[in-house]
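Enquirer: Throw the hints in and build the complete structure from the sequences for me.
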Amino acid sequence: MALISKDDPGRELLLMGNEAVARGALEAGISVAAAYPGNPSSEIIGSLAEVAEDMGIYVEWSVNEKVALEVAAAAAVSGLNALVAMKQNGLNVASDFLMNLNLTGIRGGLVLVVCDDPSGISSTNEQDSRILVKSADLPLLEPSTFHEAKDMVRFAFEVSREINNVCMIRSVTRISHARGNVTLGPLPSARPKPHFDTNIILSALPASLTHPTAHRRFRQAKRLLADSTFNSYQGPDTPELLVITCGSGYLFSQEAVRLLGLESRVGLLKIGTTWPLPEELILSRLRDAGRVLFIEEVDPFLEDNVLELFAEHNTTLPKVSFLGKKSGTVPDLGELSPGLIIGILADLMKVSRPHADEAYSSTATDALRNFAPARSLAFCPGCPHRASYWAVKKALALDGRDGVVFGDIGCYALGVLATGFHQSKTLHAMGSGTGMASGFGMLGRFGATQPAIALCGDSTFYHAAIPALLNALHHQSDLLMIILDNSATAMTGFQPHPGSSVNAMGSQAPAVVIEDLCTSLGLKTVIGDPFDLDESAVTIYELLQESGTKVLILRQMCALVGAKKGPRRYTVTVDQDKCLGDECGCDRFCTRVFRCPGLNWDVSLKKARVDEAICAGCGVCADICPSHAIVRERA
Amino acid sequence: MKKDPFNVVVTGVGGQGNVLASLLIGAVLVDRGYKVTIGETYGASQRGGSVMSHLRISRDRQYGPLMPPQQADLVIALEPSEAARILGQFGNPETVSVVNSRPVYPVDVISGDITYPDLDELKEKIRSLSRESYFLPATEKALELGNPILSNIVLIGYAAGAGLLPIDVDGLEKAIAEYLSPEKVPINREAFLCGMNMVR
Amino acid sequence: MDQIHGLDELSRRVLDKGLCASCGSCVGRCPYVTEFKGRTVVLHRCTVEHGRCFAYCPMTFFDPEAASRMVFGTRAEASGIGRYEDVKASRATDETVAEAAQGGGTVTSLLIAALNSGMIDSAVLTSSIPGEARGRGFVGTTVAEIASCSGSKFAGSHSLSVLREALDQGRSRIGVVALPCQVRSLRKMALYDLKQEKLRERVPLVIGLFCNWAFSPRQFAEFLGKELGLGHIGKIDIPPPPAQVLEVETQGRTVSVPLDLVRPMIQDACRVCPDMTAEFADVSVGMYEGRPGWNTLVVRTAAGAGVVGEALAAAGLETDVFPSENLEHLKEASEQKRTRAAQ
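Heads up: the protein sequence lines correspond to chains A, B and C, in order.
Start counting the first sequence at 1; every next residue gets the next number (the numbering used here).
Start counting the second sequence at 1; every next residue gets the next number (the numbering used here).
Start counting the third sequence at 1; every next residue gets the next number (the numbering used here).
It cannot be assumed that every hint is accurate.
[To be verified] Lysine-lysine pairs mimicking DSS-like chemistry, simulated, CA-CA at most 27 Å apart: (1) Lys-195(C) <-> Lys-578(A); (2) Lys-37(C) <-> Lys-235(C); (3) Lys-325(A) <-> Lys-350(A); (4) Lys-2(B) <-> Lys-174(B); (5) Lys-606(A) <-> Lys-198(C); (6) Lys-524(A) <-> Lys-226(C); (7) Lys-184(B) <-> Lys-565(A); (8) Lys-184(B) <-> Lys-6(A); (9) Lys-6(A) <-> Lys-35(B); (10) Lys-564(A) <-> Lys-184(B); (11) Lys-564(A) <-> Lys-174(B); (12) Lys-578(A) <-> Lys-198(C).
Keep in mind that the hints were calculated from the coordinates and are not lab data.
Expert: Structure (structure tokens):
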């Protein structure tokens, strides 16, 4: 029995925030869940997929976030409960549909969980998703603990069914990817039968009719959220400072107050229903607070809305000074941390922060400065992307026309770093590398001579690059699209995609084969093995000499998937007699340039060697050593 | 637990099994009635970056997923320079460290852009930042067991055997069976006991 | 070592300026620089401060005094055809050799004699790439292999790249057939020998070829292919004046291309090269204008005289007097190239 589907009410488990969300969805009786993977949201649908068969629900990894929302919406307009999850970037993809779905509404329950990534730990940006609910007229909940994440999902479904519209939950990395105690509730025994009521037309058009309906549903939501127990106050009746917080800010603030001994001076107003706001609760607290500090992650969303509320009621409220991102008291970007909040509170309340003794602190500083070497991100040992990027680099050098690589989203986004030899020159959104390359490939008419390469992974290809490829083909753009096919959505945990022969629930599924698709479009399509470095480089070079839109699939399984599937393919060693080390003149090519973590430079011997605990056994490095000192043997 | 909350940091490099180690510690303790919060920084996992998990263990409340600076009571390091990085931020004179002695060289060291600290000096630095510190050949032991990834369980076994964590082999087995899968019990049990036996 | 730098500086001073002579001395085992379709390509930055690529490149710097002291034991002779012992007319006596040859077959005869006498154990040569205008380096170790490489190539071939191959094979007496730029490179290898590879001893015989210029291999190939639409390229020749054409054999016919049309494809390196007769070779061989089937043979060193002696003794070669007015004419032509290069 999998963890999140245990039918053991009252049992306490250690669940990841995302698993808690999934459990909440099960307790709410969902029938359908869909998503496109994206950290920090991936484990929500991932864990539901694992229990789909047992629980009798339908779970899919959709081709992209918009389709995921559409799939979930279909269930919801047919009276079922459906959950859709995505990261903040994904919401942008889905928002075209969302901004129309909100006008027609639904008939069952539809909860949209968006996991934001403050500081962009595993994202290209750190955009705050919350702003969208204001223009969409949708209610928003923000959990602060793991157990709350579970219960909030259940509540969100109640709200959604009540108002016949989507209810959104915003999580953040420190909730989604953290773990904590969750007490299980009961699981439902029956689910409704889906039925689409054909007497009703769900058309967003005309907005003159549907927009007022959305407003009405929003007002209804406001009444439902006003008394929610997800909002609470703790602290003195008339605090010197009122901290208004939500999401991950709550536990951090609570600890900071305790650690600084400020329980009798600082009040903590935790808001779980951040839109629409519980106005009465907030107004009542503002009446007794001279100073307010907002603690929330990324944008001043709560802050703006409370200020707006205060402005509406300013004639009946005493003077209040507001501190937060707008005053510069709290950083207006990045993640929060307890250390940061302790510092802010200590300064505001004029108390000293806990400090270690001086000798220890200076040793600690020395440890950080001199004993903790930086660790740049790098492709894994045995990763085919390292080989692919070297082939691209070599091909562009052989070509000599200063070609441009338009990069995309996935592990291979690291191609902008040294691990990919800085080959990717652009990095934006899913599929946008191919779209930009399509445009760049049209610039020959103005005298551009640089060839264009669009580089994207297999999952990204299905997600958003296909329309861009069609665009390039139709407009006869000169570009080479290189698809780095590692047979997985590797960045987020190896979820299947339309190219997989198995679906999210583990059933057999027809695979949409990339080369079949491309060939059927009349595209010149070549398949290569990135581990054959020289052959790949020459293939890329030759394709670059041809005009029009071409596709090269560099296919090699993700090293991590490979490691799960079986033993290493090679045992790799460095022949210490053949390695000439610093005497070679290769300038440590294998380690200085190729930089596979499985290789080391032995500082005392001044020679290369293989770290057997790290090497993945791909054997590619044997081909790059000019002295043939790296030896691979079939393992 | 002498202190509440008891703060543990499990640290290492992406791919060393850091997340799993903290999950298992947490799962055993939740089963024993503790409130446990684990915060993981693993955007970089599997891709060569530093990875740390903060475990906040308490009898009475759920703490935040990140601990304040200088609040670590126990540091379990799968890699020695990562121990220095964590002690530098979260250590205090009472911190106890359990450290795998085997370095994993950063790609910047491999490339020659920076150097890795001298191992003896590094150990000395870790000692000077810990009330007690233990250095173990965990990777070598794990390789003997057949898989370097087991070094994480070897270290947990040692911490348990040294009385630094209230975990026993039965609790661990139950957690593995429930949170991972029953077939993973035997090899991890072996690794745990191997770590425990190193205490003597 | 003051004057020796690394790959970055080689790029700046030679490659980026289009001054590469396509000699091949910088490519071979180096992972940072390679030859591709006739072009020398830098793949990645190398941080070695004193690189063999820079040290052995004929275009970075050349110290004629040091080379002269090493090769001839005398001061440099900076006029005419450089330092020499003797100039002869020569040709191969073996009919197969003579038939395959573009000139008199002298080079092939000398190499065969050197190999048979044990003076060399291998030879670095330039072989034709079937169908293409350019050649490539080849390590020959048998008479048949050596004979297969006869015939002139008019584009740079990077043939010195295979010297590394011969060295890696452990060859200890390597003969090299080299253009003047490549002779200079070989002498720099012997002079500076950065990795103590005993390059002087291991290359006991350098047979130089007269050369006025060579085409840039990639440009020339593109010209023949894209501009003239010629497919499979066979033998290429420039008949003696006043023809002023380049004759290209292709798919069973011969195409004559006016020299004026192909001159822009000449490597810039050749325009600044002062050396027509491979002045630092052990023995130099060239065409004998006005006497078809014969070569001009310039003997410069004892090794050169030795190999000519072996060839004569083995009756693979016959020589004749090289008239003094022809020698004056040769010196004049050589002097002209020296002057043009200085401009």
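Enquirer: Of the hints stated earlier, which fail here?
Expert: Hints that this structure does not satisfy do not exist here, as all of them hold.
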